[in-house]
Amino acid sequence: MNETIIFGADWCGDCRRAKLVFDRAGVPYTYVDLVQDPASADVARDISGRTNIPVILYPDRSHQVEPSNADMLRKIEELRLAPNGSEPESRA
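If you number the sequence shown the way this note's numbering does, the last residue is 455 and the count never jumps.
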């Protein structure tokens with residue numbers, strides 16, 4: 364797997380925040396809307412062992428559930444997901 368997948372729902376504030384972090388960092392991802400694709404909720408639950416969202420699945424097969432901005436940015440930096448090796452935005 365060489366893509367990042369965000370499982371979420373548009374009504375979820377943390378999901379919107381996660382998408383914004385990835386958008387601002389310029390990191391491509393696939394967004395799976397669990398309202399539009401309810402069967403994917405089982406996939407997200409299998410990955411995380413929980414029903415909380417967002418669930419972010421990274422290319423290295425690791426995942427985060429309801430991560431803070433700082434946690435997402437750390438992972439983006441660790442996996443060098445930002446384009447052209449650029450540094451993601453501040454963790455502030």
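One or more of the hints may lead you astray.
Stated by the list, open to error - Listed next, with one range per pair, are the computed distances between beta-carbon atoms:
{"hint": "1", "residue 1": "G389", "residue 2": "T414", "range": "14 to 22 Å"}
{"hint": "2", "residue 1": "P401", "residue 2": "R443", "range": "28 to 36 Å"}
{"hint": "3", "residue 1": "E441", "residue 2": "Q399", "range": "18 to 26 Å"}
{"hint": "4", "residue 1": "W374", "residue 2": "A402", "range": "13 to 21 Å"}
{"hint": "5", "residue 1": "W374", "residue 2": "R443", "range": "15 to 23 Å"}
{"hint": "6", "residue 1": "R387", "residue 2": "P422", "range": "15 to 23 Å"}
{"hint": "7", "residue 1": "R443", "residue 2": "Q399", "range": "29 to 37 Å"}
{"hint": "8", "residue 1": "V398", "residue 2": "P446", "range": "27 to 35 Å"}
{"hint": "9", "residue 1": "V406", "residue 2": "W374", "range": "27 to 35 Å"}
{"hint": "10", "residue 1": "E440", "residue 2": "P401", "range": "19 to 27 Å"}
{"hint": "11", "residue 1": "A402", "residue 2": "P446", "range": "28 to 36 Å"}
{"hint": "12", "residue 1": "R387", "residue 2": "E366", "range": "28 to 36 Å"}
{"hint": "13", "residue 1": "R443", "residue 2": "T414", "range": "13 to 21 Å"}
{"hint": "14", "residue 1": "V398", "residue 2": "R443", "range": "27 to 35 Å"}
To be clear, the hints were calculated from the coordinates, so they are not data collected in a lab.
Note that the Cβ used here is the ideal one computed from N, Cα and C, for glycine as well.
To see whether the hints hold, each was checked on the structure:
no.: 1; hint: G389 <-> T414: 14 to 22 Å; verdict: 30 Å, violated
no.: 2; hint: P401 <-> R443: 28 to 36 Å; verdict: 34 Å, holds
no.: 3; hint: E441 <-> Q399: 18 to 26 Å; verdict: 30 Å, violated
no.: 4; hint: W374 <-> A402: 13 to 21 Å; verdict: 18 Å, holds
no.: 5; hint: W374 <-> R443: 15 to 23 Å; verdict: 32 Å, violated
no.: 6; hint: R387 <-> P422: 15 to 23 Å; verdict: 19 Å, holds
no.: 7; hint: R443 <-> Q399: 29 to 37 Å; verdict: 31 Å, holds
no.: 8; hint: V398 <-> P446: 27 to 35 Å; verdict: 30 Å, holds
no.: 9; hint: V406 <-> W374: 27 to 35 Å; verdict: 19 Å, violated
no.: 10; hint: E440 <-> P401: 19 to 27 Å; verdict: 33 Å, violated
no.: 11; hint: A402 <-> P446: 28 to 36 Å; verdict: 32 Å, holds
no.: 12; hint: R387 <-> E366: 28 to 36 Å; verdict: 18 Å, violated
no.: 13; hint: R443 <-> T414: 13 to 21 Å; verdict: 31 Å, violated
no.: 14; hint: V398 <-> R443: 27 to 35 Å; verdict: 32 Å, holds
Going down the numbered hints, you'll see the structure goes against 1, 3, 5, 9, 10, 12 and 13, while the others check out.
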